[in-house]
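Enquirer: Keeping the supplied structure of chain A fixed, place chain B upon it in accordance with the hints.
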Amino acid sequence: MAELNETARSHDMGLHTEQLTGRTQQRFFDVSEEGNHLYPEAFDVDYNKRAVIDAIDMDARDVNRKIRDLMAEGYGSIVVRNPQARHSLAVGILQRLNLTFEGSLGYFGVGLIDGPNVRVTGRVGWSCAENMMAGTVIVEKNAGSTFGAAMRGGDLVCMGDVGSRTGIDQKGGTIIVGGRTGAFSAFMMQRGRMIVLGDAGKNLGDSMYDGTIFVGGSIESLGVDAVPGEMSDLDCAWLERKLGMYGLRAPDGVANMTKIVAGKQLWNYDNLEPSEKKIVL
Amino acid sequence: MCGIAGIIHRNRSSDIGSEMTSMLQSLKHRGPDSTGFAIYGMPREDEFVLRFKVAEQEDAAKGYNIHQEIRDRRAEVDRRLAELGVEVVETVDATEYAYRYRIRHGGDMRKVVDYVEDVTSTEILSLGSRLELIKDLGDASTVSDQYALRGFNGTHAIGHTRMATESDVDIRSAHPYWAYPYNDIAVVHNGQLTNYWIMRRELERKDFRFMSSCDSELISVYLADKLQEGVDLEEAMVRSVDEFDGVFTYLVATSDKLGMAKDDMAAKPMVLYESDDLVAMASEEVAIRQVLPHEIDTHDPYDREVRVWQS
Numbered sequence: 001m002a003e004l005n006e007t008a009r010s011h012d013m014g015l016h017t018e019q020l021t022g023r024t025q026q027r028f029f030d031v032s033e034e035g036n037h038l039y040p041e042a043f044d045v046d047y048n049k050r051a052v053i054d055a056i057d058m059d060a061r062d063v064n065r066k067i068r069d070l071m072a073e074g075y076g077s078i079v080v081r082n083p084q085a086r087h088s089l090a091v092g093i094l095q096r097l098n099l100t101f102e103g104s105l106g107y108f109g110v111g112l113i114d115g116p117n118v119r120v121t122g123r124v125g126w127s128c129a130e131n132m133m134a135g136t137v138i139v140e141k142n143a144g145s146t147f148g149a150a151m152r153g154g155d156l157v158c159m160g161d162v163g164s165r166t167g168i169d170q171k172g173g174t175i176i177v178g179g180r181t182g183a184f185s186a187f188m189m190q191r192g193r194m195i196v197l198g199d200a201g202k203n204l205g206d207s208m209y210d211g212t213i214f215v216g217g218s219i220e221s222l223g224v225d226a227v228p229g230e231m232s233d234l235d236c237a238w239l240e241r242k243l244g245m246y247g248l249r250a251p252d253g254v255a256n257m258t259k260i261v262a263g264k265q266l267w268n269y270d271n272l273e274p275s276e277k278k279i280v281l
Numbered sequence: 282m283c284g285i286a287g288i289i290h291r292n293r294s295s296d297i298g299s300e301m302t303s304m305l306q307s308l309k310h311r312g313p314d315s316t317g318f319a320i321y322g323m324p325r326e327d328e329f330v331l332r333f334k335v336a337e338q339e340d341a342a343k344g345y346n347i348h349q350e351i352r353d354r355r356a357e358v359d360r361r362l363a364e365l366g367v368e369v370v371e372t373v374d375a376t377e378y379a380y381r382y383r384i385r386h387g388g389d390m391r392k393v394v395d396y397v398e399d400v401t402s403t404e405i406l407s408l409g410s411r412l413e414l415i416k417d418l419g420d421a422s423t424v425s426d427q428y429a430l431r432g433f434n435g436t437h438a439i440g441h442t443r444m445a446t447e448s449d450v451d452i453r454s455a456h457p458y459w460a461y462p463y464n465d466i467a468v469v470h471n472g473q474l475t476n477y478w479i480m481r482r483e484l485e486r487k488d489f490r491f492m493s494s495c496d497s498e499l500i501s502v503y504l505a506d507k508l509q510e511g512v513d514l515e516e517a518m519v520r521s522v523d524e525f526d527g528v529f530t531y532l533v534a535t536s537d538k539l540g541m542a543k544d545d546m547a548a549k550p551m552v553l554y555e556s557d558d559l560v561a562m563a564s565e566e567v568a569i570r571q572v573l574p575h576e577i578d579t580h581d582p583y584d585r586e587v588r589v590w591q592s
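Chain order of the listed sequences is A and B. For the first sequence, counting from 1, position 275 maps to 275 in the numbering used here; every step adds exactly one. For the second sequence, counting from 1, position 125 maps to 406 in the numbering used here; every step adds exactly one.
One or more hints might be untrue.
To be verified - Think about it this way: if two alpha-carbon atoms lie no more than 20 Å apart in a straight line, the pair counts; the simulated EDC-like pairs of lysine to aspartate or glutamate are:
#	chain 1	residue 1	chain 2	residue 2
1	A	Lys-171	A	Asp-233
2	B	Lys-309	A	Asp-57
3	B	Lys-392	B	Asp-374
4	A	Lys-264	A	Asp-199
5	B	Lys-538	B	Glu-555
6	B	Lys-309	A	Asp-59
To be verified - Far from chain A, by Cβ distances over 10 Å, these chain B residues were calculated:
#	residue
7	Arg-293
8	Arg-391
9	Gly-419
10	Thr-423
11	Val-552
12	Leu-559
13	Pro-574
14	Thr-579
15	Asp-581
Simulated from the structure, these hints should not be mistaken for laboratory data. What you are looking at is a predicted structure, and each value in this text was computed from that prediction instead of being measured. Ideal Cβ placement from N, Cα and C applies to all residues, glycine included.
With the rest of the complex left out, here is chain A (with noise of 0.2 Å):
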């Protein structure tokens, strides 16, 4: 971050020397400070603090509200019993914290996170850590379609299968698979990479631009532009200390895993449309 702290040219030219008046919601941002390694609305929370709360009888924005009056308290550990699969449990959390689901959860599950360490005991929905940014999460059972979809950056773990569009538009961050996948699995994905220990479904990595699919089974087809990459030592190394971190294992050991990569064929950015190549001739 050294760079950042450097005067830019732009100072010497005098282009920030307008002062402008009224009242502005923009927050500034200065890298030497350390509070900005937080979100500004975080608490302040201590891992020790427990609490549990038994969600039988709350809707989804109770349980929301009443985990947020929690880390409010300083509460860092929190148990959620009887989640009752319900919808958009958990979501935007922006800060550290330990969460347990007892149960399962419904549709976009611990949504837009960035920092929690989640654990859901049973089967998620479709959807669940849909844009995460950081943080864990893991699932021991099953889960939906569009399984992190979105997702930036930390890992994502189901332990069970998962439907159909697992990782759809990943742009970061490790999703892991202990069982199967469905169709049109990392569609569209940009970065980042994806593990599934058991077979995926049609379609893998369709049009993906770039990041890195290992599988463990069986493909049904590969995507448009979704071609076979070679193993290397340090992906090798990389997948046994990624899995070992949530005690899976590859089923054939991951040096005979397969990898995928982006082919690249498709990559265009450059090239101009037949129109305008006529109108540069």
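Expert: Below, chain B alone, put in the same frame as chain A:
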């Protein structure tokens, strides 16, 4: 976006009316326009249950001289049933415009259906020895209370909460659809069929009737056509996955079976719970939790998956 749900008990019966009501009520957010139930009661020896309507809810509220009209249409239905020698054992007025008749008849049922449906605005919602098909506007609780479904004892049921996208909000376009002219077969569907008109015209040439312009009706007619050709239910469903274009998950129920089929892209949701004595499925797990509040193992079926369970 519609919500569908199905439940089948194996080797026992249960208060299926209340179970389906609570399942569909929890899916209300997926579509509050109309709610429909296809419930399978205990088998009757020589009787059929005929459910039909002679007007839409909206007509009954606004139509000119409609109350007299409704009475006239019903009298005409009664007259035609008597003319064909159908014995009416019991009649129940579920609403002003929809009725449940218990009938006995040894002759050609298709002829009865065609003759009765020839009466103005009359539609037979279902006919069968076990099937009772109820559909009306409003959420699950409203419809269930209106038609007194709580406490209905049976083995299996499918249901639907509708968000209308392609056709009108009325009883005619509400699910489930009965597979005319087959006794006891009903279908609910979540999705869109894009080759609806091509397939509809083909089936119309084979003399099938379409009561609405809702794409879901096509599934029930398609299955009826295949069953007529002698194809078994599961095989017909497997073929439907190839022949229908679009995105869909549908459930079909017969007098002793319940099946599900999912499209090529797995674009529409379905969560499945299976145990030895109960199979439950729904668009969202919250619906299954209405009948099984404890922690359960569920999974999503994959693309092109076709399953059939026996009661």
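Enquirer: Compare the structure with each hint and give your call.
Expert: Evaluated hints:
1. With a C-alpha separation of about 24 Å, the suggested pairing of Lys-171 of chain A with Asp-233 of chain A is violated against the 20 Å cut-off.
2. In summary, the hint linking Lys-309 of chain B to Asp-57 of chain A is supported, as the alpha carbons are separated by about 18 Å, within the 20 Å threshold.
3. Note on Lys-392 of chain B and Asp-374 of chain B: the hinted pairing is violated, with a Cα-Cα distance of about 24 Å set against a maximum of 20 Å.
4. Between Lys-264 of chain A and Asp-199 of chain A the CA atoms are separated by roughly 24 Å; this puts the pair beyond 20 Å, and the hint is violated.
5. Simply put, Lys-538 of chain B and Glu-555 of chain B have alpha-carbon atoms about 14 Å apart, close enough for the 20 Å limit, and the pair holds.
6. Proposed proximity of Lys-309 of chain B and Asp-59 of chain A is supported: the alpha carbons are some 15 Å apart, at most 20 Å.
7. With a minimum CB-CB distance of about 25 Å to chain A, Arg-293 of chain B clears the 10 Å threshold, and the non-interface call stands.
8. Listed as a non-interface residue, Arg-391 of chain B keeps its Cβ farther than 10 Å from every Cβ of chain A; the least gap is roughly 41 Å.
9. Every CB of chain A is more than 10 Å from the CB of Gly-419 of chain B (nearest about 22 Å), matching its label as outside the interface.
10. Residue placement check: Thr-423 of chain B keeps its beta carbon more than 10 Å from all beta carbons of chain A (closest about 21 Å).
11. Its beta-carbon lying about 7 Å from the closest one in chain A, Val-552 of chain B breaks the requirement of being farther than 10 Å from that chain.
12. Interface exclusion of Leu-559 of chain B from chain A stands, the closest Cβ pair being 17 Å apart, more than 10 Å.
13. Here Pro-574 of chain B does not stay apart from chain A, with its beta-carbon only about 7 Å from theirs, under the 10 Å limit.
14. For Thr-579 of chain B, the requirement that its beta carbon stay farther than 10 Å from each beta carbon of chain A is not met, with the minimum near 5 Å.
15. With 10 Å as the threshold on Cβ separation, the claim that Asp-581 of chain B sits away from chain A is violated: the shortest Cβ distance comes to roughly 4 Å.
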